[in-house]
Structures are given as C-alpha cells and as structure tokens.
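Student: Sequence:
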Amino acid sequence: MVQKNFASPVTRSRLHEEIVTVIQKQIMSGQIKAGDKLPTERELSESFHVNRATVREALRKLENLDLLEIRHGDGLYAKNYLESGNFDLIKAAFTMDGGREVMMNILEARRYLVPQMAYLAAQRRTTKDLEDLKRVVDDPEMSMLEKDIKVHQVIARSTQNLLSTIGLNVFNQIFRDYGYLYFDSPKNIERSRKFHNEIYEAVKNQEAEPARKIMREVLVYAEKAVLASIKDKKL
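Take the sequence shown: its position 188, counted from the start at 1, is 181 in our numbering, and no numbers get skipped.
Derived by calculation from the structure, the hints in this document are not laboratory data.
Careful, some of the hints might be misleading.
Below, in silico cross-link-like pairs of lysine-lysine (DSBU-like), each with a Cα-Cα straight-line distance of 35 angstroms or less [claimed, not checked]: (1) K206 x K187; (2) K18 x K217; (3) K217 x K121; (4) K30 x K127; (5) K127 x K72; (6) K127 x K54; (7) K84 x K206; (8) K180 x K224; (9) K18 x K30; (10) K217 x K197; (11) K224 x K26; (12) K187 x K84; (13) K121 x K18; (14) K224 x K84; (15) K18 x K143; (16) K18 x K54; (17) K187 x K197; (18) K121 x K84; (19) K30 x K54; (20) K84 x K30.
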C-alpha cells in the first residue's frame, strides 16, 4: 500500500473539499500513481485529523471524479484519470497550479474543435437556426458574455450533430465562470460584436470555409487575450 504525506491537518471549513483537493493533486501530479492502494479510511481520518464521516464524503467525491476506485472489502485504489476522467474532473483541476495550465488546454482544444462546428453550421443550418442566431446577435439587452455563449450554442445546434451540441457545453460551462477574463476589456467586447456579425453573415450565406476562418480567427484572438490576462494570476 502506498504511503503518502497526508499529515497536515485541514482547516475546519469545507473539510471534505480540502481533503479532495489534497488527494486529487497527488493523483494528478503522479505522486500517487494509477493502481496505487491508498491508506484506509481510518488512517486517512487520523492523518487529516477529521472524523471518518468527513473522509467518507471526500472519498465519494473522488470516486465521482473517477480518481478513486473503492473496492469494498479490499481498499481504495487510484484510477488512471487519463482514461476515466470526466468533465467534473476538468472543473476540479482548476485547483491545481492556479488553473493556468488547465485553461491553456481548454483554449487549445476549443481552437481546434469549434471552427469545424462553424463550418458544418454554415452547410447545415436551417431557417429556424438562422432566425435563432439573428435573434441572439441583435438582442440589445443581453450581456456580451451571455450573447457570446448563446451564439456558440446556436452554431453548435446548427451542425445537426448531437455530440457537437453537448460537447460545446463543456466549454460553455467553463467560460460562463471565467468569461470575465476576456470581457472585462472594452476592446475585446468590440471584437466579439464584430465576430457575431461576421459569423452570422457567413452562416446566413452558407459560406462554410469563411465561417471556419472567422471562428478560428476570433478564437486565436481570444486565446491570446485570456492567456495575457491570467499571466501570474490564480483563477
């Protein structure tokens, strides 16, 4: 059984979340490797100076994140999160290294995946899709962050591909929380307004390649802006 350093007692607020963070970091950093057996519930309770109910709550969360496998009658084992990890793990990973590396990964993935959605949307959009997109682009009451999210949602739906629509939700859930990093800048707000109008015209005219180019250009711009804003900053 692997023995790791869990000796530091946690503070009294949100105890189980702090235990989750400690063990999560050790698994995702490789300090605890896939297949390693962790200390028992009782031993973890003693190491963290908390009661066993708190440890059980933390272990359930780690199991839900697909970081741990609880083998009843055997023990606790670290899982290979690269094979089993889910969206909740991506969100939880923001607790590591201030979230910068995770944000870089998300921005990179978005830059490669979403332009293809724009390409397909321009080819496959329906009249209703176009009406929905126009309604969002022209809405004067909507915040620019919310408008940007909804523009992307309509584009994803316009691909007529369920996986694209649901997959985009992963990005949207992150950027709903961290979009301020981009939209705090008036310059970026204007850039997004220009993008919304351009992508609408490309989708309306069913110009697939220009739609892909417009989407890629704005995502490259946004990626640079966000990375500049989080330099030396914890998320």
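Student: So, for every hint listed, does it hold in this structure?
Tutor: Going down the list of hints, with the structure as the test:
1. K206 x K187: holds, 14 angstroms
2. K18 x K217: The given pair, whose Cα atoms are some 27 angstroms apart, holds under the 35 angstroms limit.
3. K217 x K121: The hint holds at about 34 angstroms.
4. K30 x K127: violated, 55 angstroms
5. K127 x K72: Distance ~46 angstroms between K127 and K72 Cα, so the pair is violated.
6. K127 x K54: Status violated; Cα separation ~42 angstroms.
7. K84 x K206: holds, 29 angstroms
8. K180 x K224: Distance of about 19 angstroms is within 35 angstroms: holds.
9. K18 x K30: holds, 16 angstroms
10. K217 x K197: holds, 28 angstroms
11. K224 x K26: Cα-Cα ~30 angstroms, so holds.
12. K187 x K84: The hint holds at about 30 angstroms.
13. K121 x K18: violated, 46 angstroms
14. K224 x K84: OK: K224 and K84 at ~19 angstroms, within 35 angstroms.
15. K18 x K143: holds, 34 angstroms
16. K18 x K54: The hint holds at about 14 angstroms.
17. K187 x K197: holds, 16 angstroms
18. K121 x K84: holds, 33 angstroms
19. K30 x K54: holds, 17 angstroms
20. K84 x K30: Holds, because 25 angstroms separates the two Cα atoms, which is no more than 35 angstroms.
In summary, the numbered hints that this structure violates are 4, 5, 6 and 13.
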